[in-house]
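Starting from the known structure of chain F, fit chains W and P onto it as the hints suggest.
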Amino acid sequence: MTPLITLTTDFGLRDEFAGVMKGVICSRCPAARMVDLTHNIAPHDVRHAAQVIAAAYGYFPGGTIHVVVVDPGVGSDRRIILLEIGDHLILAPDNGVTSLLLPRSTRAYEVNNSDLFLQPVSTTFHGRDIFAPVAAHLACGLPPAAVGHEIAPHSLVRLPFPAPRQDGDTLHGAVSDIDHFGNLITNIDRESAGRLCSGNFHNLRVVIGPLTIRGISPAYNAAGPGAPVALFNSRNLLEIGLCRGNAALELQLGLDCEVCLSI
Amino acid sequence: MTPLITLTTDFGLRDEFAGVMKGVICSRCPAARMVDLTHNIAPHDVRHAAQVIAAAYGYFPGGTIHVVVVDPGVGSDRRIILLEIGDHLILAPDNGVTSLLLPRSTRAYEVNNSDLFLQPVSTTFHGRDIFAPVAAHLACGLPPAAVGHEIAPHSLVRLPFPAPRQDGDTLHGAVSDIDHFGNLITNIDRESAGRLCSGNFHNLRVVIGPLTIRGISPAYNAAGPGAPVALFNSRNLLEIGLCRGNAALELQLGLDCEVCLSI
Amino acid sequence: MTPLITLTTDFGLRDEFAGVMKGVICSRCPAARMVDLTHNIAPHDVRHAAQVIAAAYGYFPGGTIHVVVVDPGVGSDRRIILLEIGDHLILAPDNGVTSLLLPRSTRAYEVNNSDLFLQPVSTTFHGRDIFAPVAAHLACGLPPAAVGHEIAPHSLVRLPFPAPRQDGDTLHGAVSDIDHFGNLITNIDRESAGRLCSGNFHNLRVVIGPLTIRGISPAYNAAGPGAPVALFNSRNLLEIGLCRGNAALELQLGLDCEVCLSI
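Protein chains in written order, with our numbering: chain F, 1 to 263; chain W, 264 to 526; chain P, 527 to 789.
Chain F with its partners taken away, still in its complex shape (with noise of 0.2 Å):
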C-alpha cells in the first residue's frame, strides 16, 4: 500500500488550488492515498501552520509525507525543505512552519532536483508544481535523497516559539494559538505545569487578562455554562476555555496575550 500524504495549506476551500494539487499527485501516483489537514490556515499565517502541522503528524502512520504549504514567499529564492523525522517526511517551504519540527528532525535535504517538478514550473503555484509532483513521487517510491542535496539543519530558517518563563512560583506564558472553538491554547504544558505543582493540579491558579481560574479542570463542561475553565488540551498544552462558549469572542482576548500560571 502507498504512503499517505496528508495536505496543510492556506488555499482555502472556494477555488480549485487544493483540488488541482490533488490532481497532480493522482497524475503522476494513481495509487496515492490524500488526508486533508487542513486548507483554512489563515492566509499567510506561518505561525499557526507550525503549531497544526507539530500536533498532527505524529498521529498518522510511519512512511506519511505531510506536504505543507504555507508559503507567502512563494515564487523569491526562499528554499523548498523534505526534512526526515523518524519515518515521517515533511515537505515544506523553509520559512519557520517547521520550527517545532526541527528539535526532533534527523535529516534535512533542499528540495531542487527539478526533473521532478511540472514544467514549466510557475512563479505563484509551487504547490502544484513543486510540492504535489515531488509528494507524489515520494509516495510511489523515491527516496528522498533523490530530491536534492542535503543541508544542515541548522541553516534552517526558525520562527520564535517563545517557552514560558519561570519566576519563583509562577509560570510567565502567553497565547500562542486559537482553535475553532475560540479556545486559547497557551505555550505551557502539562509536565512544565506538573513540576510547579508537585502533580497537585487542583492548587495551580490560572491568571489571564481580567480572569483568575482556580484549579485545572477535567474537562470542557466542568463548569457552568458560560464558565471559564483551564484545562491540559489535547495537544497536552494549558488551555484557557469558556463551557459551551467562544473565550477569544466572549473575552475579546488573543494571541500573545499573558497567561499566568502558579501555585
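To be clear, the hints were calculated from the coordinates, so they are not data collected in a lab. On a predicted model such as this, the values are computed, not experimentally measured, just so you know.
A few chain F residues that face chain W, going by a derived Cβ cut-off under 7 Å, partial list only:
hint, residue
1, Met1
2, Leu4
3, Val52
4, Ala55
5, Tyr59
6, Phe60
7, Asp179
8, Phe181
9, Ala219
10, Asn221
11, Ser234
12, Arg244
In silico negatives: residues of chain F with every beta carbon more than 12 Å from chain P:
hint, residue
13, Pro61
14, Phe161
15, Ser198
16, Leu204
17, Ile213
Just so it is clear, CB atoms sit at the ideal spot from N, CA and C, and this is done for glycine as well.
Same frame as chain F, but now just chains W and P:
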C-alpha cells in the same frame, strides 16, 4: 473491500482535529476508506447534527460505520454508544445526537472496551482517542458486540423533535433546520401534508412569519428571482426558500419559527 | 484502477449534501475514488464555477470524470449534459457552467437515461439522484454514449466571457474572478500581453481603479508588504494582488472592474 467510515463533527476545518482522527484511523486500519459528511456542524449543535446524520446515513452502502463527534460533554460521564441500524453502524456520544435514528435502531452497545482506545485517553479529544480507533477496528472486522456491553435502547438520551400538530384542516409545525442556502426546513413531512390535502398539493397554503405562500412548487426556481417558494425538499420535508436568495437572512426567520400548512 | 471522480458544487460543507453524493457514488461503484475540487462555490455562482473547472480539470489524469453541480435550475427543464474533452468527461447542468470548456469539447450528450438514476428522482437534489449515480456508472465503465443521446455542441448554453479588447497599445480587460486570497483575476492572458509588449513584460503598465502598477512582478512578495503587484497567475492570467494582503477587500475592487494593460 473494507467498509466506509463517515465522519460528522463540529471540529471545523482550520485545526488538525479532523485530520488527526483520520491519521489514527489509518494507523489502526490502513485500508480504511473515509468520507467526510461534515466537520462544520456549528460548535455543540447536537440538534443540527442529529438531522444531518438521519438524513444522510441511508445513502451509504450497507456496512458503513458512521462516526458522529458533536460532543460538548467530552470527558464527563456521558456514555459513548454504538447503534446497529439495519446493516449500518452509528458511533456517537449518548447526548441525543442519535435521537432521530433510535426508532430504526435494532441494538445498542455502550462503548467501554478500553483495549480498543488510544492510550492514554485524554479528557478533551475522544474523537482521536476513542471514536477513531473504535471505528478503525470495526472497519477492520471487529464485531459490534466487542466494543462493550449491550444496553437497552430506552436508556438512551433523546432530544425533543416534536411532530407537527394537526388542528382541523391545519398542520402547525416549525422550522427545525436551516441549510447552507438559507432554506428554512420544517418538521412537516410530505406524507402528512399529502394526507391533509388528499394529494392535491397545489391546494395547500403555507404561512410563515409575514408570508403566505399558495401552492407547493416543484422546484426552487419555479418563482421569479427573490420570490418565496414552498416545496418538499430532498429530506421529504416542507421547506421555504427564496428563489436564488437566502430566506433565513432576507426574511430574518430562524429555528423554531412557526409554520402553518392548511388547505 | 477506477477513474477519479472530481466534485465541484455550491453545496457548502455544513449540510449532508456533498457527503450524500459520495454515499450514492460508493453505493453504485464501491471502488470509486473521489476528489473534492470545491463545495464552496458561492450559492448559484455559475460564473466562478465555470472558471474553476476550466482551470482545474486538465491537471487530473486522463479518464477522470468531473462532476459540476452548481445548478440553480434544478428541477426545471434545463438539461444535464455530459461533455467529452479529450479523455476527460464533464457532467454538468446545461446552464453555462461549461462555457469555457466548450471550445475544447469533442462530443456532448444529454443525460436522460433514467435507468441510471436514483429513483424516485427528486426535483431539488439532482446531485444525489442523477449526477452521483451517473458518475458512478461512468467510473465503473459505462460508455459515455449510454447516458443519453448525442447533442450538437452549438445547442449548449454559453455565458458571456468577453475577451479583452485591444485599442492601439492598450488592452482593455476586466476582473473576472477573485480568489481566496482576495487577488483580482482578470481576463487578460499572458500570451495576449506578451504580444502587446513583444515579450518585454517589465515595460507593461497596469491601471485598475485608482492604481497604476508599473511592470509585471515575478512573485507575490516582489514588493513590500501591502504594496500592489501585477503578475501572471497559475491560470496564466493577469492578476492584481497586494503583497501579503487582500486586494479585493483593501482596494474595494470587485468583479467586472476595468483593467487596462498598456506599454
